[in-house]
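In my numbering, the protein residues as written are 1 to 457.
A couple of the hints might just be wrong.
To be verified - Across the chosen pairs, the derived CB separations fall in these ranges:
| # | residue 1 | residue 2 | range |
| --- | --- | --- | --- |
| 1 | Ser378 | Gln303 | 23 to 29 angstroms |
| 2 | Lys292 | Ser22 | 55 to 61 angstroms |
| 3 | Val156 | Lys10 | 37 to 43 angstroms |
Said to hold, decoys possible - With a cut-off of at most 27 angstroms between alpha-carbon atoms, the simulated DSSO-like pairs for lysine-lysine come out as follows:
| # | residue 1 | residue 2 |
| --- | --- | --- |
| 4 | Lys263 | Lys223 |
| 5 | Lys250 | Lys284 |
| 6 | Lys223 | Lys301 |
For the record, the hints were derived by calculation from the structure and aren't laboratory data.
All C-beta atoms, glycine included, are put in the ideal place defined by N, C-alpha and C.
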Amino acid sequence: MSWYMQIVQKLLRLRENVNWESEEERLELLFKLEKYINEWQDQSLPDIACIFRIEELELLLSDSLYTAEFIEFVVRSGYTDEPKRDEDGKPLLRRTTPLLHRVPRCNYEMRPNIVRDLFKIYNRFDLNYADDSGLTHFHVACIAGCRDIVTEFLEVGHDPNSIWQETGDSALHLILYHGPDYITETLLRRGANPNLANAEGLTSLHVICKTINDGAWLDMLFKLNDELNQPFQLEVRDKLGNRPLHWALKCNNDRIAKLLLMKSADPNLSNAEGSTPLHVICDKWFDAGLAKLFFEINDRKQQTVHINAVDNKGRTPLQLAVNNLLLGVVDLLLDRGADLSNLTFSSASTLTQEEKGHYFKLVSASGILAIAERLVKSGYELDRSGALSIMKFFAKYELLLRSALSGSPYKKATSSSQLIKNRLASVTGTTHTPEEIERLKVNILYDLMLHSKLQIT
């Protein structure tokens, strides 16, 4: 028996001992096959269809997506898929091939090469196989960013607006989820609609604003769509009422936000929660410079910003900036005349945060006092409620002003916090009513707040 036939016989014996319903056993078989794959590098390759049934081969192809060695071996053997047909001889397009089974979920960095090899096996571009969710071979080519394969599908007449039924995503959506890709230009020139919305109401522009921060690339798409007479819809809302500008700001994509504003995106329109773009900017834990950029561009365009807009919870942008201790943003808003009349300092969200480290607490303490001082200088009257919130935060985390006490810095902090604990403890367990006890606690903390030298009304 020739060496070739000996190897084929060994492969057939390996195949016979596999429980094909067990992924573990299939993976073990793939591991054993590696030896023969390596030995076969410079030899005549076998007819894979004579060794494995089609169903078995497809299982192995699906299982080998993470290593791809078996896929490469099948490609080198020259094997290509033959479509399954119905009683009339027509190809059955409802079919979960390895391309549809796991490729969309495997490691993205490996997808393009794996997908290209699989399309050498499933090389009928006139047949756009689809699984039960409506995901097709064409969609997979878009997900993997294989421009040449996408072009092959388009050349034989497949719809560039083909929708993945399960998600409502178009081919454009699927490409854009993975970053800027010039397949986008190919699809647009072939008639893809940039304003189709998926099940979440997201258009391709929404997706770009969520995932990409490449202003130059987006500007190219704007120009291309204008050329094709199918411009992006700037103010279209998703199911949450968010417009593209909302998403660009939510995701800190400053270059995209800048371009949208320069393209005259409305800076004052609100989403379903009543949040304007300025609310979005102020509802963050850090200042990414978006507020400064936002005002600079709107000033340049002589566009009025509704600085005192109120969301569905009654919060202004200033309230959110104070809640999040965004001192730079607070300064910008106050300099532009933000209204202080309905501001509630006691609602500052940082004051209620429990699971934060010591460094965060120190930074928060500094921010709280700086913002309180800035507000007071602007005419805000810090009342007992605001003072109480601040003092409770300082007392809880032993952060009362250390410079006002004697001894070393560490002892100062300990003495200060102990003073608060002792004084508060003195009013509990007494004959006072609960209301009286709470009032006494407020007075104690209020007296200590005076010690911090903040002006309180």
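*Given the proposed pairing of Lys223 with Lys301, does the C-alpha separation stay at or below 27 angstroms?*
holds (20 angstroms)
_Satisfaction of hint between Lys223 and Lys263, Cα-Cα up to 27 angstroms_ = Roughly 11 angstroms separates the two Cα atoms, so the pair holds.
*Go ahead and decide if the range 55 to 61 angstroms is satisfied by the Cβ distance of Lys292 to Ser22.*
holds (60 angstroms)
_Given pair status - Lys284, Lys250, alpha carbons within 27 angstroms_ = Between Lys250 and Lys284 the Cα gap is close to 9 angstroms, so the pair holds against 27 angstroms.
*So the hint says 37 to 43 angstroms: do the beta-carbon atoms of Val156 and Lys10 match that?*
holds (41 angstroms)
*Is the distance from the Cβ of Ser378 to the Cβ of Gln303 consistent with 23 to 29 angstroms?*
holds (25 angstroms)
Every hint from the earlier list agrees with this structure, and none is contradicted.
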